[in-house]
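All chains should be built: construct the whole structure from the sequences, respecting the hints.
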Amino acid sequence: MVAHRASVAESVGGHLDGIHDLGGKQGFGHVELDASSKEGRHIHGFNQRWHAAVFTIINSLFVNGAAANTDHFRHSVERIDPINYLSDGYYGRWLGGAETMLVEAGLLTQDEVNSRVLNRGYELHETVAARPSAAPDLFSAEERNFQPTAQRLVAIEPRFGLGDKVTARSLGGAGHTRLPNYVRDVPGQVVALHGAWVFPDANAHGKGEDPKHLYTVRYQGADLWGPNAESSVVLNIDLFEPYLSEASLG
Amino acid sequence: MVAHRASVAESVGGHLDGIHDLGGKQGFGHVELDASSKEGRHIHGFNQRWHAAVFTIINSLFVNGAAANTDHFRHSVERIDPINYLSDGYYGRWLGGAETMLVEAGLLTQDEVNSRVLNRGYELHETVAARPSAAPDLFSAEERNFQPTAQRLVAIEPRFGLGDKVTARSLGGAGHTRLPNYVRDVPGQVVALHGAWVFPDANAHGKGEDPKHLYTVRYQGADLWGPNAESSVVLNIDLFEPYLSEASLG
Amino acid sequence: MSEKSAAIRAEALESLLVEKGLLDTARIDDVLTLYNERVGPMNGAMLVAKAWRDAHFKQQLLADGTAAIAQFSFEGGQVDKLVVVENTAEVHNVVVCTLCSCYPWAILGLPPKWYKDPAYRSRVVREPRAVLTDFGTHLPAEQEVRVWDSSAEVRYMVLPVQPKGWETLSEGELVNKITRDSMIGVEVLAEVAE
Amino acid sequence: MSEKSAAIRAEALESLLVEKGLLDTARIDDVLTLYNERVGPMNGAMLVAKAWRDAHFKQQLLADGTAAIAQFSFEGGQVDKLVVVENTAEVHNVVVCTLCSCYPWAILGLPPKWYKDPAYRSRVVREPRAVLTDFGTHLPAEQEVRVWDSSAEVRYMVLPVQPKGWETLSEGELVNKITRDSMIGVEVLAEVAE
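Protein chains in written order, with the working numbering: chain A, 8 to 257; chain B, 8 to 257; chain C, 40 to 233; chain D, 40 to 233.
Possibly wrong hints are sitting among the right ones.
[To be verified] Simulated coverage check for chain A against chain D, where a stretch passes if three residues somewhere in it have a Cβ under 8 Å from a Cβ of chain D:
(1) 62 to 74
(2) 91 to 103
(3) 114 to 121
(4) 162 to 176
[As the list claims (entries may be wrong)] Mimicking DSS-like on lysine-lysine, the simulated pairs with C-alpha atoms at most 30 Å apart in a straight line are:
(5) A/Lys214 x D/Lys155
(6) D/Lys120 x A/Lys172
(7) D/Lys43 x D/Lys203
(8) A/Lys45 x D/Lys89
(9) C/Lys120 x C/Lys43
(10) D/Lys43 x A/Lys45
(11) C/Lys155 x B/Lys45
(12) C/Lys203 x B/Lys45
(13) C/Lys43 x D/Lys89
(14) D/Lys59 x A/Lys45
(15) A/Lys45 x D/Lys203
(16) D/Lys155 x A/Lys45
(17) B/Lys214 x C/Lys120
(18) D/Lys216 x D/Lys155
(19) C/Lys120 x C/Lys155
(20) C/Lys97 x B/Lys45
(21) D/Lys152 x D/Lys120
(22) C/Lys120 x C/Lys89
(23) D/Lys120 x D/Lys43
(24) C/Lys120 x C/Lys97
(25) C/Lys43 x C/Lys155
(26) C/Lys97 x C/Lys216
[Unchecked claim] Using C-beta positions, here's what the derived DEER-type ranges look like:
(27) B/Asn235 x D/Glu58: 40 to 48 Å
(28) B/Asn126 x C/Ser112: 40 to 48 Å
(29) A/Asn54 x B/Ala157: 48 to 56 Å
Read the hints as simulated data drawn from the structure, not as lab findings. For every residue, glycine included, the Cβ atom is placed at its ideal position computed from N, Cα and C.
Given below as structure tokens:
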């Protein structure tokens, strides 16, 4: 259906716990290798011109102001319909995110997009990934000045040090986060400090850069996956300080 | 594609953490009411004859031995491809599960099914939900004697009592379970004891009925969903004793 | 898989099973008749109406639902254990099955499509108040919401609050007014009889 | 959405943006040229080859990858912080991004399709040894597997073990043998040079 889907109110979900949070999920089958893995490093670059077009359109969002920052863009991809998220592939997901941002920023209307795709032979039964929100305008024009998501200097000392035992907990609500479900509520250990970085949970939603200290936290496979986990596996993941608290005993 | 998909080895997943575990996931939009909700109770029964056919086929699995028990059947539905799980609807999922069980039990071959659907005009581009496993035969013919999944008398006393604080943890591995992700590692409280029941985690996999005590455990909304949870919400869920341990302090 | 393809696939499976003697087409007609005519929300409505009119039955139904319904010999699927939860001014109950679509078939018939869809299953455990507004049901903030996730073989039914003005209706009249959705807990029955 | 439909939709969006002056078609050609010719795994391979031949550079690369690569002015996307993790006989490293598909573009070029697919993203954090067998890579049970989930802006590259027999090859020869997959950590380079 080309017609624009029902808008999704904020309460229906940003996507703190969306389909994109795939770590540890089961049922997706074996990895399907492509020629680039079978034949070595010599195959690279774009397979399809439209992939490069989508790539370029994404870059343009940061210039024309549709995307305020990388976190804002990532959140637009997380908001596409779960079935499309799983079916459309990487560039298809980016396309859905781009369309959402362009419509939400008022640079295109959904009607314009719909007429144009129909003119070009889009099939009516195909679902559409993009779901611009009814009340999306979190960012003012001034705020839509792209700054790379990156390290920032802050005066505040990091709360945790190397070797500290920590547990990550969801901040709750609905929105963008970089804390995947599979490490939540499981005890881990700080193995690296990376200084302070733009905080995606704030930056994606027009709440400023709000830089927070970033840590690499190490988890033991058996703590994450139970007694039947593969042996001698550790998992390292970069987590922002607001996700973390001292690990509870036991 | 009608062609049978690549079989999925056991290590790729039973589906302890499969797509079917939907509780608390975000991004699925608003509830779409149908006429039966808009127009009251007077509309009920089957909308389509093929729904009733699938319903009857499912019942027949327990007679012809393809399904050993309800847990075994539920697991077959959980093993369908994630995209099909989300796209095919309730009777479509049941159909996928039925096909898996019939092929795994050797009552039909995948080739028979494929030829028949093509003869009847099935479209080649349609994906297929059923994914019979390469090594599925967990059940002997004798074990495929349907017993309702139900309460059983056991001599063992329940480990927990009313009011006890408990935390549910994943048993790990890959397979059927009735412990959803969203309550794991969160403290709750026992509010009802239901006696001992057939344990789905064992029964689905040919490991016998292995009855375990069943409890209703109550969770506070804010403990599950964080500080932004809706106020004054409690969640009650029925959990088997092996999932539970004493809640850790703090 | 489109609806059309699913129908083709179901009919293909049906024809193969019939040829092999593993399925009798007549059974499909029996199933259609059973769920279209005898098993449906009117059974649950009858229980609710009786509970509203018979304090002793209501007490039985809430104390041990399984025993209370044994006398009725409902068809349509096992209910190994039935738990009936009562709505009051203080507490509103709502039922879901997040892992599949467990439902008290014998009492309420086939579940509605929305009950089996990802939107309801994913969201009602997390935001029940918001989800109920999709049904036009707005609960007072001070009323506690109790969600029941049917994760084992216990089946749940909600005993709705009887609206003001229905006290004079007979059990037979009530059965026609008590909706399926009120017994799942997504609807509050209207205070004014139509 | 089928591949064909996605292409139509992308081209429709492109044409609308060009008409409105929000996109220059020439930039698409630039992007194609950049990633097809100048940005790709040969950049990472050059770093690996150099590290194998230059102990000081290797030490720099492992201690502070970001500083070590600054001299090369790689194009193709920001790498705010690069962390290079070394494979040894005791430890094998493998990189993923479970939440999206974060990847060190400037060093390795565009990520392969499998890196972005749900199968790899979901499973490699849970069963890395099993997933590596999908690539024909079988790790000894006693070798520790370290998975790196790129959840923030730090980007990870694996420094593979140099196979026996490659010690006499020049850096230029090595660049043609070091595979992209070995720098993601899903492949162990063959001990015998082809």
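Assess, step by step, whether the Cα of D/Lys120 is no farther than 30 Å from the Cα of D/Lys43, and give holds or violated.
The given pair, whose Cα atoms are some 37 Å apart, is violated under the 30 Å limit.
Does A/Lys45 sit within 30 Å of D/Lys43, going by the straight-line distance between their CA atoms?
Holds - the C-alpha atoms of A/Lys45 and D/Lys43 are around 25 Å apart, at most 30 Å.
Is C/Lys43 close enough to D/Lys89, meaning Cα to Cα at most 30 Å?
Violated, because 59 Å separates the two Cα atoms, which is more than 30 Å.
Check the hint pairing C/Lys120 with C/Lys97 against an upper bound of 30 Å on the C-alpha distance.
Given that 30 Å is the threshold and the Cα spacing comes to 17 Å, the pair holds.
Can the restraint linking A/Lys45 and D/Lys89 be considered satisfied, given a maximum Cα separation of 30 Å?
holds, 25 Å
The segment 62 to 74 of chain A covered by chain D? Criterion: 3 or more residues, Cβ-Cβ distance below 8 Å.
Since 6 is at least three, the answer is holds.
Within 30 Å, alpha carbon to alpha carbon, are C/Lys97 and C/Lys216?
holds, 18 Å
Pair hint outcome, C/Lys155 versus B/Lys45 [Cα-Cα no greater than 30 Å]:
holds, 17 Å
Would the hint linking C/Lys203 and B/Lys45 be met if the CA-CA limit is 30 Å?
This hinted pair holds, its Cα atoms lying about 22 Å apart.
For the segment 91 to 103 of chain A, do at least 3 residues have a Cβ located nearer than 8 Å to some Cβ of chain D?
It holds: at least three residues are needed, and the segment 91 to 103 of chain A offers 9 whose Cβ sits within less than 8 Å of chain D.
Does D/Lys155 sit within 30 Å of A/Lys214, going by the straight-line distance between their CA atoms?
Roughly 29 Å separates the two Cα atoms, so the pair holds.
Are the Cα atoms of C/Lys43 and C/Lys155 separated by 30 Å or less?
holds, 20 Å
Going down the numbered hints, you'll see the structure goes against 4, 7, 9, 13, 14, 23, while the others check out.
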